[in-house]
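2 protein chains.
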Amino acid sequence: MPDPVIPYKIYLQENEMPTAWYNLRADMKNKPAPLLDPETKQPMTKEALSAVFCEELVRQELDEDTAYYPIPQEICDFYKMYRPSPLVRAYCLEKKLGTPAKIYYKFEGNNTSGSHKLNSAIAQAYYAKQQGLVGVTTETGAGQWGTALSMACSYFELDCKVYMVKCSYEQKPHRREVMRTYGASVTPSPSTETEVGRRILEMHPGTTGSLGCAISEAVETASKHEGYRYVLGSVLNQVMLHQSVIGLEAKAAMDKYGIKPDVIIGCAGGGSNLGGLIAPFMGEKLRGEADYQFIAVEPASCPSLTRGVYAYDFCDTGMICPLAKMYTLGSNYIPSPSHAGGLRFHGMNSTLSQLYEDGLMEARSVVQTDVFAAAEEFARVEGILPAPESAHAIKVALDEAKKCIETGEEKTILFGLTGTGYFDMVSYEKFHNGVMSDYIPTDDELLEARDTLPKV
Amino acid sequence: MPDPVIPYKIYLQENEMPTAWYNLRADMKNKPAPLLDPETKQPMTKEALSAVFCEELVRQELDEDTAYYPIPQEICDFYKMYRPSPLVRAYCLEKKLGTPAKIYYKFEGNNTSGSHKLNSAIAQAYYAKQQGLVGVTTETGAGQWGTALSMACSYFELDCKVYMVKCSYEQKPHRREVMRTYGASVTPSPSTETEVGRRILEMHPGTTGSLGCAISEAVETASKHEGYRYVLGSVLNQVMLHQSVIGLEAKAAMDKYGIKPDVIIGCAGGGSNLGGLIAPFMGEKLRGEADYQFIAVEPASCPSLTRGVYAYDFCDTGMICPLAKMYTLGSNYIPSPSHAGGLRFHGMNSTLSQLYEDGLMEARSVVQTDVFAAAEEFARVEGILPAPESAHAIKVALDEAKKCIETGEEKTILFGLTGTGYFDMVSYEKFHNGVMSDYIPTDDELLEARDTLPKV
Numbered sequence: 001m002p003d004p005v006i007p008y009k010i011y012l013q014e015n016e017m018p019t020a021w022y023n024l025r026a027d028m029k030n031k032p033a034p035l036l037d038p039e040t041k042q043p044m045t046k047e048a049l050s051a052v053f054c055e056e057l058v059r060q061e062l063d064e065d066t067a068y069y070p071i072p073q074e075i076c077d078f079y080k081m082y083r084p085s086p087l088v089r090a091y092c093l094e095k096k097l098g099t100p101a102k103i104y105y106k107f108e109g110n111n112t113s114g115s116h117k118l119n120s121a122i123a124q125a126y127y128a129k130q131q132g133l134v135g136v137t138t139e140t141g142a143g144q145w146g147t148a149l150s151m152a153c154s155y156f157e158l159d160c161k162v163y164m165v166k167c168s169y170e171q172k173p174h175r176r177e178v179m180r181t182y183g184a185s186v187t188p189s190p191s192t193e194t195e196v197g198r199r200i201l202e203m204h205p206g207t208t209g210s211l212g213c214a215i216s217e218a219v220e221t222a223s224k225h226e227g228y229r230y231v232l233g234s235v236l237n238q239v240m241l242h243q244s245v246i247g248l249e250a251k252a253a254m255d256k257y258g259i260k261p262d263v264i265i266g267c268a269g270g271g272s273n274l275g276g277l278i279a280p281f282m283g284e285k286l287r288g289e290a291d292y293q294f295i296a297v298e299p300a301s302c303p304s305l306t307r308g309v310y311a312y313d314f315c316d317t318g319m320i321c322p323l324a325k326m327y328t329l330g331s332n333y334i335p336s337p338s339h340a341g342g343l344r345f346h347g348m349n350s351t352l353s354q355l356y357e358d359g360l361m362e363a364r365s366v367v368q369t370d371v372f373a374a375a376e377e378f379a380r381v382e383g384i385l386p387a388p389e390s391a392h393a394i395k396v397a398l399d400e401a402k403k404c405i406e407t408g409e410e411k412t413i414l415f416g417l418t419g420t421g422y423f424d425m426v427s428y429e430k431f432h433n434g435v436m437s438d439y440i441p442t443d444d445e446l447l448e449a450r451d452t453l454p455k456v
Numbered sequence: 001m002p003d004p005v006i007p008y009k010i011y012l013q014e015n016e017m018p019t020a021w022y023n024l025r026a027d028m029k030n031k032p033a034p035l036l037d038p039e040t041k042q043p044m045t046k047e048a049l050s051a052v053f054c055e056e057l058v059r060q061e062l063d064e065d066t067a068y069y070p071i072p073q074e075i076c077d078f079y080k081m082y083r084p085s086p087l088v089r090a091y092c093l094e095k096k097l098g099t100p101a102k103i104y105y106k107f108e109g110n111n112t113s114g115s116h117k118l119n120s121a122i123a124q125a126y127y128a129k130q131q132g133l134v135g136v137t138t139e140t141g142a143g144q145w146g147t148a149l150s151m152a153c154s155y156f157e158l159d160c161k162v163y164m165v166k167c168s169y170e171q172k173p174h175r176r177e178v179m180r181t182y183g184a185s186v187t188p189s190p191s192t193e194t195e196v197g198r199r200i201l202e203m204h205p206g207t208t209g210s211l212g213c214a215i216s217e218a219v220e221t222a223s224k225h226e227g228y229r230y231v232l233g234s235v236l237n238q239v240m241l242h243q244s245v246i247g248l249e250a251k252a253a254m255d256k257y258g259i260k261p262d263v264i265i266g267c268a269g270g271g272s273n274l275g276g277l278i279a280p281f282m283g284e285k286l287r288g289e290a291d292y293q294f295i296a297v298e299p300a301s302c303p304s305l306t307r308g309v310y311a312y313d314f315c316d317t318g319m320i321c322p323l324a325k326m327y328t329l330g331s332n333y334i335p336s337p338s339h340a341g342g343l344r345f346h347g348m349n350s351t352l353s354q355l356y357e358d359g360l361m362e363a364r365s366v367v368q369t370d371v372f373a374a375a376e377e378f379a380r381v382e383g384i385l386p387a388p389e390s391a392h393a394i395k396v397a398l399d400e401a402k403k404c405i406e407t408g409e410e411k412t413i414l415f416g417l418t419g420t421g422y423f424d425m426v427s428y429e430k431f432h433n434g435v436m437s438d439y440i441p442t443d444d445e446l447l448e449a450r451d452t453l454p455k456v
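From first to last, the protein sequence lines are chains G and C. When the first sequence is numbered by this note's numbering, its final residue is 456 and no position is left out of the sequence of numbers. When the second sequence is numbered by this note's numbering, its final residue is 456 and no position is left out of the sequence of numbers.
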């Protein structure tokens with residue numbers, strides 16, 4: 001019998017969509033280290049975290065045992081407006097490359113936020129609404145998370161205050177208008193609105209900002225406004241939980257056609273997409289049911305996994321957040337302004353860090369001109385104009401597919417295409433005009449950034 | 001037996017996708033009037049048209065008899081990269097409005113061109129490649145068509161020269177970079193590159209351009225370069241033919257679930273989306289098999305159907321193109337610069353014009369602040385940020401759904417959501433800041449614009 005013919009795009013039926021999120025930590029033998037209170041160095045309690053985060057989200061953050069969380073019906077309904085996302089077989093790309101590899105990508109860009117971020121935004125807004133809150137605060141880098149949260153808050157009629165990393169705010173004025181369309185307020189960070197913002201501006205006048213700094217401002221604002229909590233679009237384990245919908249859908253679609261990936265590739269900033277994409281596959285690996293090669297791809301200018309240290313660190317530049325044990329460059333590390341777009345976070349989700357530490361996952365870093373060249377190569381054949389973040393995964397997927405030409409291996413490659421680049425045309429323009437440079441921090445720079453690592 | 005549950009999004013399977021385009025003219029008793037030679041006033045011959053257009057496209061343009069054109073396999077394959085597009089049941093919008101109406105929209109924005117334009121672009125590029133051409137020229141208004149054609153040309157490795165209406169070029173610099181990503185050259189129109197451009201600049205210094213003017217420039221450039229032909233993204237019957245894929249898919253999806261629309265609504269500039277969406281439904285009406293209400297929605301600032309005349313006119317400002325019998329404001333009509341985005345064409349596809357003349361279709365005009373308010377209302381509930389063009393259809397769909405609240409009718413409404421507004425944030429910003437004005441031309445202005453109507 002011949003294999004079933006694989007369509008260009010596999011869409012699950014609505015009744016085949018996941019009804020529960022998967023909590024990868026439940027299957028880990030070596031659990032990620034707990035969050036610590038920055039003052040006492042003791043594990044953060046539910047009560048202390050609930051001053052900053054929504055209660056149900058705190059429960060999810062701390063829960064290492066429950067494997068499956070049923071997705072509330074209201075969230076399932078919202079998911080149905082833009083999910084299932086397609087699992088695409090890149091037939092045209094394979095043909096163009098002349099590779100024997102079979103390339104698949106899970107495309108999360110077909111929604112107005114332009115990325116996978118909406119998967120967690122709607123969950124977080126839902127729990128905020130359930131708790132009776134007035135609104136939420138957050139940070140955004142490239143703008144996808146801020147847009148996603150604006151959409152989610154608009155849907156549940158919550159107020160939404162967004163601190164946007166200044167360099168992105170300036171590079172992407174149109175993102176601001178999208179967020180305003182959904183009723184959010186957007187402030188460039190660092191700002192003079194918060195104590196921590198004013199302090200950072202004093203220490204680093206002219207800074208273009210960082211995610212870590214914007215996080216500090218959003219946390220401070222939430223703590224000073226009655227009825228507000230802070231929400232975060234990456235890094236946290238609760239976000240990984242919600243994003244597992246990516247991997248669960250991808251796996252269901254592959255299982256439906258009897259496809260088993262050999263290599264799974266995702267870009268990694270804070271880790272939300274990578275963690276979500278690999279979750280059910282890594283679960284099988286942890287349980288000894290199957291084996292896969294996992295590759296995290298990060299920018300050479302912000303190389304937390306490939307050149308960072310595994311240590312307790314602050315998640316924010318202002319050093320007011322709990323300490324997480326993770327691969328980190330130091331909370332004071334700010335990527336060069338020449339670095340385009342997202343994946344700017346100095347650390348990495350603690351679960352992914354533990355998996356990397358345990359040798360269950362690989363990591364590669366790539367320079368940005370290679371990333372944009374890969375983005376253009378992909379766009380011209382597969383149609384979709386990728387976000388620069390997503391193009392990190394494309395770059396390594398192309399590398400792997402090209403290797404197969406030499407070796408003759410018919411590897412099945414799965415990568416996460418997290419989003420579209422429609423709001424990144426300033427960076428594309430730099431690339432087209434040949435004025436994009438590749439920045440790689442020196443060892444000395446990295447050593448210096450680690451000065452701020454807390455003693456634990 | 002209960003009705004089958006209608007999913008939020010109906011995706012056809014790939015083997016359910018249309019394999020032939022439908023040529024509505026084959027079922028019309030009153031055929032659209034033929035194109036005329038502007039000098040002799042005689043019907044354009046195949047030979048004369050082939051100097052400007054690709055041969056196969058000329059055949060399609062002139063063919064009033066063949067009902068179905070099989071879609072070539074290469075085009076089917078490309079379609080599979082971004083089609084089928086979803087038919088969406090707007091459950092969330094219905095709930096928010098509290099309407100007994102059932103609202104569906106066919107969403108064509110989930111591709112990098114951001115609109116339905118890619119459906120015809122890939123067909124036209126295919127036929128150009130088949131003919132052994134070097135490249136094609138075209139005009140673009142809001143930029144969707146230019147982007148679509150760039151993508152299609154990149155796929156078939158054809159050169160692509162785009163003349164972009166100057167006001168859009170300035171409002172949407174990022175569109176230019178998207179086209180460059182796909183290897184196209186983009187020139188603001190009117191330009192000094194062509195004779196007609198120089199003449200228009202002399203007559204109207206400081207003009208913000210018009211589609212009619214950009215068409216003239218693209219046609220001139222094609223005629224002066226060996227191995228080039230001109231291609232057009234709307235207005236022509238060949239484009240309507242390719243765009244029938246929208247309606248065929250929508251109808252197949254509805255038939256699959258036993259849904260019959262009562263009202264079908266589309267925005268109308270040159271008519272390509274409207275014509276494509278309504279094609280198979282109008283075919284049924286023409287053959288007496290079913291009845292539907294059709295509503296074309298146009299901007300109050302460019303009201304060709306509602307305030308134009310049905311007459312032979314030039315399709316371009318430079319008056320070098322064939323004459324088409326259509327509803328027109330006069331080829332010299334240029335919408336106010338305060339008019340945001342697309343739907344700027346002075347005329348209307350000749351087939352749609354004939355259907356309107358025969359009373360088979362209605363038309364409404366709407367002012368742009370109402371359009372943007374409808375866009376925002378829609379975005380906040382359904383997630384998708386619509387293109388201003390598409391929002392014309394949304395505005396009337398909302399009007400119809402709100403009427404049903406009063407009358408209690410459970411009408412089934414289908415509208416075309418042609419694209420996304422990610423590159424229209426300058427216009428959204430004007431709307432947010434309250435500096436968007438509604439322009440409605442006076443009767444005198446419209447009379448004056450008709451001065452250039454040719455005597456036939």
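Since the hints were derived computationally from the structure, they do not count as laboratory data. Treat each hint with caution, since some may be false.
Since copy identity is lost for identical chains, a pair holds within one copy or between any two.
Once the Cα atoms are required to be at most 20 Å apart in a straight line, the calculated EDC-like pairs of lysine to aspartate or glutamate come out as [claimed, not checked]:
| hint | residue 1 | residue 2 |
| --- | --- | --- |
| 1 | Lys411 | Asp255 |
| 2 | Lys129 | Asp255 |
| 3 | Lys29 | Glu284 |
| 4 | Lys31 | Glu284 |
| 5 | Lys260 | Asp159 |
| 6 | Lys9 | Asp77 |
| 7 | Lys430 | Glu202 |
| 8 | Lys402 | Glu448 |
| 9 | Lys403 | Glu56 |
| 10 | Lys96 | Glu157 |
| 11 | Lys430 | Glu170 |
| 12 | Lys80 | Glu94 |
| 13 | Lys256 | Glu14 |
| 14 | Lys31 | Asp358 |
| 15 | Lys80 | Glu448 |
| 16 | Lys95 | Glu74 |
| 17 | Lys9 | Glu74 |
| 18 | Lys102 | Glu406 |
| 19 | Lys95 | Glu157 |
| 20 | Lys96 | Asp159 |
| 21 | Lys285 | Glu14 |
| 22 | Lys29 | Asp65 |
Note that the coordinates shown come from a computational prediction; the quantities given were computed from them, not determined experimentally.
These are the hints, each one checked on the structure:
no.: 1; hint: Lys411 with Asp255; result: within (17 Å within a copy, 40 Å between copies)
no.: 2; hint: Lys129 with Asp255; result: neither (36 Å within a copy, 39 Å between copies)
no.: 3; hint: Lys29 with Glu284; result: within (13 Å within a copy, 64 Å between copies)
no.: 4; hint: Lys31 with Glu284; result: within (16 Å within a copy, 63 Å between copies)
no.: 5; hint: Lys260 with Asp159; result: neither (43 Å within a copy, 39 Å between copies)
no.: 6; hint: Lys9 with Asp77; result: between (22 Å within a copy, 11 Å between copies)
no.: 7; hint: Lys430 with Glu202; result: neither (31 Å within a copy, 35 Å between copies)
no.: 8; hint: Lys402 with Glu448; result: neither (38 Å within a copy, 63 Å between copies)
no.: 9; hint: Lys403 with Glu56; result: neither (45 Å within a copy, 41 Å between copies)
no.: 10; hint: Lys96 with Glu157; result: between (47 Å within a copy, 12 Å between copies)
no.: 11; hint: Lys430 with Glu170; result: both (15 Å within a copy, 18 Å between copies)
no.: 12; hint: Lys80 with Glu94; result: between (31 Å within a copy, 15 Å between copies)
no.: 13; hint: Lys256 with Glu14; result: both (14 Å within a copy, 16 Å between copies)
no.: 14; hint: Lys31 with Asp358; result: within (11 Å within a copy, 73 Å between copies)
no.: 15; hint: Lys80 with Glu448; result: neither (47 Å within a copy, 51 Å between copies)
no.: 16; hint: Lys95 with Glu74; result: between (42 Å within a copy, 13 Å between copies)
no.: 17; hint: Lys9 with Glu74; result: between (27 Å within a copy, 16 Å between copies)
no.: 18; hint: Lys102 with Glu406; result: within (15 Å within a copy, 55 Å between copies)
no.: 19; hint: Lys95 with Glu157; result: between (47 Å within a copy, 15 Å between copies)
no.: 20; hint: Lys96 with Asp159; result: between (47 Å within a copy, 18 Å between copies)
no.: 21; hint: Lys285 with Glu14; result: neither (28 Å within a copy, 33 Å between copies)
no.: 22; hint: Lys29 with Asp65; result: within (11 Å within a copy, 70 Å between copies)
Checked against the numbered hints above, the structure violates hints 2, 5, 7, 8, 9, 15 and 21; every other hint is satisfied.
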